[in-house]
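A.B. asks: Sequences and hints are given; from them, build the entire structure.
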Amino acid sequence: MESDILVVDDSAAIRKILQRVLRQTGMAIRTIAEAGDGQEALEVLKAQKVDLVLTDINMPKMDGLQFLAALRSAPQWSTLPVVMITTEGGEAKVSEAVRLGAVGYVRKPFTADQIKEKLAALLAPARPL
Amino acid sequence: MKIDELIIEYLSRSITDVFSTMLGVDLGVGEISVENSAPEANDGVVSFIGLAGSWVGTGSLACSPVLACRICDHMLMTETSAVNEEVLDAVAELTNMIVGSVKTELEKHVGPLGLSIPTVVFGRNFKTKSAGTNEWTVARFHWDGELLLVKVCLAPKERAAHAVYHSIPQACGIEV
Chain A
51 MESDILVVDD SAAIRKILQR VLRQTGMAIR TIAEAGDGQE ALEVLKAQKV DLVLTDINMP
111 KMDGLQFLAA LRSAPQWSTL PVVMITTEGG EAKVSEAVRL GAVGYVRKPF TADQIKEKLA
171 ALLAPARPL
Chain B
97 MKIDELIIEY LSRSITDVFS TMLGVDLGVG EISVENSAPE ANDGVVSFIG LAGSWVGTGS
157 LACSPVLACR ICDHMLMTET SAVNEEVLDA VAELTNMIVG SVKTELEKHV GPLGLSIPTV
217 VFGRNFKTKS AGTNEWTVAR FHWDGELLLV KVCLAPKERA AHAVYHSIPQ ACGIEV
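Respectively, the protein sequence lines represent chains A and B.
Here the first sequence is numbered in my numbering, starting from 51 and rising by one per residue.
Here the second sequence is numbered in my numbering, starting from 97 and rising by one per residue.
In case anyone wonders, no lab produced these hints; they're calculated from the structure.
Predicted, not measured: the structure shown is a model, and the values here were computed from it.
Even glycine gets a Cβ: it sits at the ideal position worked out from N, Cα and C.
Among the clues, some could well be false.
Chain A is nowhere near these chain B residues, computed Cβ spacing over 12 Å in every case [unchecked claim]: (1) I99; (2) L102; (3) I128; (4) S177; (5) K204; (6) E242.
Residues from chain B that face chain A, not an exhaustive set, calculated with beta carbons under 7 Å [unchecked claim]: (7) N192; (8) M193; (9) T200; (10) E203.
C.D. replies: See the structure below:
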């Protein structure tokens with residue numbers, strides 16, 4: 051089954067890198083939507099089905115932890131898998147993300163292999179042609 | 097270990113790690129020192145990011161437009177010939193990752209620190225000045241003849257009534 055992914059980061063550079071990395075993972079990915087902050091991400095989620103969210107923490111308007119809390123308080127998104135991809139590597143932020151139900155945590159800078167490894171358990175591999 | 101020594105160690109490691117991981121570039125060995133009058137950029141691309149908590153400070157990265165485009169090209173696997181939105185965004189994110197990594201390591205010693213959203217400036221004949229503290233850890237790396245300058249200052253909150261101001265008497269437009 052192909053998955054739909056949402057990438058949330060205020061940096062267009064990171065969104066572009068993640069688009070490229072995700073396409074190279076060999077996972078069965080159908081679409082990769084983008085949002086620049088948590089508020090925008092909620093709007094995207096209202097408009098389309100998403101199977102997995104990758105989100106930054108430090109963002110304007112609504113940061114990644116606020117966004118994660120908003121997801122967990124909404125019945126339709128309470129179990130949506132969310133992976134944090136962030137420069138915030140401090141124990142307090144990691145603990146908070148885990149408490150809110152993040153299923154993974156990747157620190158920037160990241161390698162393509164780290165992203166692939168994190169997603170391997172969450173997404174189906176692409177079918178061979 | 098003194099905080100200056102920690103910043104030197106973490107900043108050096110962070111710069112080489114970010115360039116290696118995100119750009120695939122080995123920057124080699126840079127020069128890192130603690131300076132009382134840190135160099136202030138007045139041309140090119142400069143990004144700033146604030147640190148706040150029981151200690152406060154600023155991280156800054158400065159480079160020429162040529163180097164900014166090269167950073168963007170390696171990071172995004174693209175080709176740019178002039179500084180545009182994409183280049184500024186790449187430099188801002190690079191600063192975020194470098195200073196963010198230093199912040200994460202320093203938190204083990206000084207407690208939780210907040211990290212601001214980065215601000216990036218591009219122009220000619222502008223002036224930047226950081227008030228409130230004089231001591232900066234300054235890292236200078238060279239990449240094919242272009243200078244990359246990264247500097248960090250951090251001081252206990254009560255000692256560093258900190259402010260950064262920028263004056264741009266003759267900013268130039270973004271060349272897209």
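A.B. asks: Output the numbers, in ascending order, of every earlier hint that fails for this structure.
C.D. replies: Number 5 - this is the single hint that the structure violates.
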